[in-house]
Amino acid sequence: MSLIVTWIFSASFMWLAKSLFKIYLPFSSWNIFLQTIGVLSFLVAIISVWLTWKTEKDNSLQVAAARKEEKIISSLESQEKLLLEHIARARTFEDLLLNTQKDVDDLRNQIWRLSAQVQQTDTESVMLRKMDLLERKLAHFEKVG
128 MSLIVTWIFS ASFMWLAKSL FKIYLPFSSW NIFLQTIGVL SFLVAIISVW LTWKTEKDNS
188 LQVAAARKEE KIISSLESQE KLLLEHIARA RTFEDLLLNT QKDVDDLRNQ IWRLSAQVQQ
248 TDTESVMLRK MDLLERKLAH FEKVG
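Every position in the sequence shown, counted from 1, becomes a number in our numbering once 127 is added.
Just so you know, these hints were derived from the structure itself, not from any lab. Just so you know, not all the hints are guaranteed correct.
Unchecked claim - As a list, the in silico DSBU-like pairs of lysine-lysine whose alpha-carbon atoms are at most 30 Å apart:
{"no.": "1", "residue 1": "K208", "residue 2": "K195"}
{"no.": "2", "residue 1": "K208", "residue 2": "K181"}
{"no.": "3", "residue 1": "K181", "residue 2": "K195"}
{"no.": "4", "residue 1": "K208", "residue 2": "K198"}
Build the full structure now, drawing on both the sequences and the hints.
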(Lines of atoms letter the chains of each structure in order from A and count residues from 1; the text may use other names and numbers.)
(Lines give C-alpha, C1' and ligand atoms only; values in the text may rest on other atoms or scores of the structure.)
Protein backbone atom coordinates (compact mmCIF):
# COMPACT_ATOMS: atom_id res chain seq x y z
CA MET A 1 0.00 0.00 0.00
CA SER A 2 2.78 2.42 0.90
CA LEU A 3 4.47 1.65 -2.42
CA ILE A 4 1.35 2.73 -4.33
CA VAL A 5 1.00 5.93 -2.32
CA THR A 6 4.68 6.78 -2.78
CA TRP A 7 4.48 5.99 -6.49
CA ILE A 8 1.49 8.35 -6.83
CA PHE A 9 3.44 10.99 -4.88
CA SER A 10 6.49 10.51 -7.15
CA ALA A 11 4.42 10.59 -10.32
CA SER A 12 2.67 13.77 -9.19
CA PHE A 13 6.02 15.46 -8.54
CA MET A 14 7.29 14.40 -11.98
CA TRP A 15 4.04 15.59 -13.64
CA LEU A 16 4.31 18.88 -11.77
CA ALA A 17 7.91 19.23 -12.93
CA LYS A 18 6.96 18.56 -16.57
CA SER A 19 4.10 21.04 -16.36
CA LEU A 20 6.31 23.74 -14.87
CA PHE A 21 9.02 23.03 -17.42
CA LYS A 22 6.55 23.59 -20.28
CA ILE A 23 5.16 26.77 -18.76
CA TYR A 24 8.28 28.29 -17.20
CA LEU A 25 11.34 27.53 -19.27
CA PRO A 26 13.67 29.68 -17.19
CA PHE A 27 13.03 27.52 -14.10
CA SER A 28 14.81 24.42 -15.39
CA SER A 29 16.74 23.98 -12.13
CA TRP A 30 13.40 23.97 -10.28
CA ASN A 31 12.17 21.30 -12.70
CA ILE A 32 15.27 19.15 -12.07
CA PHE A 33 14.80 19.61 -8.33
CA LEU A 34 11.18 18.43 -8.49
CA GLN A 35 12.06 15.42 -10.67
CA THR A 36 14.89 14.50 -8.29
CA ILE A 37 12.48 14.61 -5.36
CA GLY A 38 10.08 12.37 -7.29
CA VAL A 39 12.79 9.83 -8.13
CA LEU A 40 14.16 9.87 -4.58
CA SER A 41 10.70 9.35 -3.09
CA PHE A 42 10.17 6.42 -5.46
CA LEU A 43 13.49 4.90 -4.37
CA VAL A 44 12.54 5.44 -0.73
CA ALA A 45 9.27 3.61 -1.40
CA ILE A 46 11.12 0.65 -2.96
CA ILE A 47 13.55 0.52 -0.03
CA SER A 48 10.62 0.76 2.39
CA VAL A 49 8.85 -2.16 0.69
CA TRP A 50 12.06 -4.21 0.74
CA LEU A 51 12.63 -3.47 4.44
CA THR A 52 9.00 -4.34 5.23
CA TRP A 53 9.33 -7.63 3.35
CA LYS A 54 12.62 -8.42 5.09
CA THR A 55 11.16 -7.58 8.51
CA GLU A 56 8.11 -9.77 7.88
CA LYS A 57 10.38 -12.58 6.72
CA ASP A 58 12.53 -12.24 9.84
CA ASN A 59 9.42 -12.18 12.02
CA SER A 60 8.04 -15.29 10.34
CA LEU A 61 11.40 -17.04 10.89
CA GLN A 62 11.33 -16.01 14.54
CA VAL A 63 7.77 -17.29 14.91
CA ALA A 64 8.74 -20.59 13.25
CA ALA A 65 11.77 -20.88 15.55
CA ALA A 66 9.59 -20.14 18.59
CA ARG A 67 7.07 -22.81 17.53
CA LYS A 68 9.87 -25.31 16.99
CA GLU A 69 11.30 -24.42 20.40
CA GLU A 70 7.85 -24.90 21.98
CA LYS A 71 7.56 -28.32 20.33
CA ILE A 72 11.01 -29.29 21.60
CA ILE A 73 10.18 -28.05 25.10
CA SER A 74 6.87 -29.94 25.15
CA SER A 75 8.64 -33.06 23.88
CA LEU A 76 11.28 -32.72 26.60
CA GLU A 77 8.58 -32.21 29.23
CA SER A 78 6.75 -35.34 28.08
CA GLN A 79 10.01 -37.31 28.09
CA GLU A 80 10.76 -36.01 31.60
CA LYS A 81 7.28 -37.06 32.73
CA LEU A 82 7.77 -40.55 31.25
CA LEU A 83 11.17 -40.80 32.92
CA LEU A 84 9.73 -39.79 36.29
CA GLU A 85 6.94 -42.36 35.89
CA HIS A 86 9.53 -44.99 34.99
CA ILE A 87 11.61 -44.08 38.05
CA ALA A 88 8.49 -44.28 40.24
CA ARG A 89 7.66 -47.69 38.76
CA ALA A 90 11.26 -48.82 39.26
CA ARG A 91 11.13 -47.73 42.91
CA THR A 92 7.81 -49.51 43.31
CA PHE A 93 9.33 -52.58 41.68
CA GLU A 94 12.34 -52.37 44.02
CA ASP A 95 9.99 -52.12 47.00
CA LEU A 96 8.04 -55.09 45.66
CA LEU A 97 11.27 -57.08 45.30
CA LEU A 98 12.35 -56.19 48.84
CA ASN A 99 8.95 -57.15 50.24
CA THR A 100 9.01 -60.40 48.27
CA GLN A 101 12.51 -61.14 49.58
CA LYS A 102 11.30 -60.51 53.14
CA ASP A 103 8.34 -62.83 52.54
CA VAL A 104 10.67 -65.50 51.14
CA ASP A 105 12.93 -65.17 54.19
CA ASP A 106 9.91 -65.44 56.50
CA LEU A 107 8.73 -68.56 54.66
CA ARG A 108 12.21 -70.09 54.94
CA ASN A 109 12.22 -69.44 58.67
CA GLN A 110 8.77 -71.00 59.01
CA ILE A 111 9.88 -74.04 56.96
CA TRP A 112 12.98 -74.39 59.17
CA ARG A 113 10.84 -74.20 62.31
CA LEU A 114 8.33 -76.70 60.89
CA SER A 115 11.18 -79.01 59.88
CA ALA A 116 12.55 -78.80 63.41
CA GLN A 117 9.10 -79.57 64.81
CA VAL A 118 8.73 -82.50 62.40
CA GLN A 119 12.12 -83.84 63.45
CA GLN A 120 11.17 -83.43 67.09
CA THR A 121 7.84 -85.15 66.43
CA ASP A 122 9.63 -87.95 64.56
CA THR A 123 12.07 -88.31 67.44
CA GLU A 124 9.23 -88.36 69.95
CA SER A 125 7.39 -90.90 67.79
CA VAL A 126 10.46 -93.15 67.65
CA MET A 127 10.91 -92.79 71.41
CA LEU A 128 7.25 -93.62 71.99
CA ARG A 129 7.56 -96.71 69.78
CA LYS A 130 10.68 -97.79 71.67
CA MET A 131 8.96 -97.19 74.99
CA ASP A 132 5.95 -99.16 73.78
CA LEU A 133 8.23 -101.96 72.63
CA LEU A 134 10.04 -101.94 75.99
CA GLU A 135 6.73 -102.00 77.88
CA ARG A 136 5.58 -104.98 75.81
CA LYS A 137 8.85 -106.78 76.43
CA LEU A 138 8.57 -106.01 80.13
CA ALA A 139 5.00 -107.28 80.16
CA HIS A 140 6.13 -110.40 78.31
CA PHE A 141 8.96 -110.99 80.80
CA GLU A 142 6.62 -110.52 83.71
CA LYS A 143 4.34 -113.17 82.25
CA VAL A 144 7.19 -115.52 81.57
CA GLY A 145 9.07 -115.01 84.70
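Structure-based check of all given hints:
Between the alpha carbons of K208 and K195 the distance comes to roughly 20 Å, so the proposed pair stays at or under 30 Å and holds. Restraint check: the Cα-Cα separation between K208 and K181 comes to about 40 Å, which exceeds 30 Å; the hinted pair is violated. Restraint check for K181 and K195: satisfied, since their Cα atoms lie roughly 21 Å apart, inside the 30 Å limit. For a cut-off of 30 Å, the pair hint linking K208 to K198 stands: about 15 Å separates their Cα positions.
In summary, the structure is inconsistent with hint 2 from the numbered list given earlier, while agreeing with all the others.
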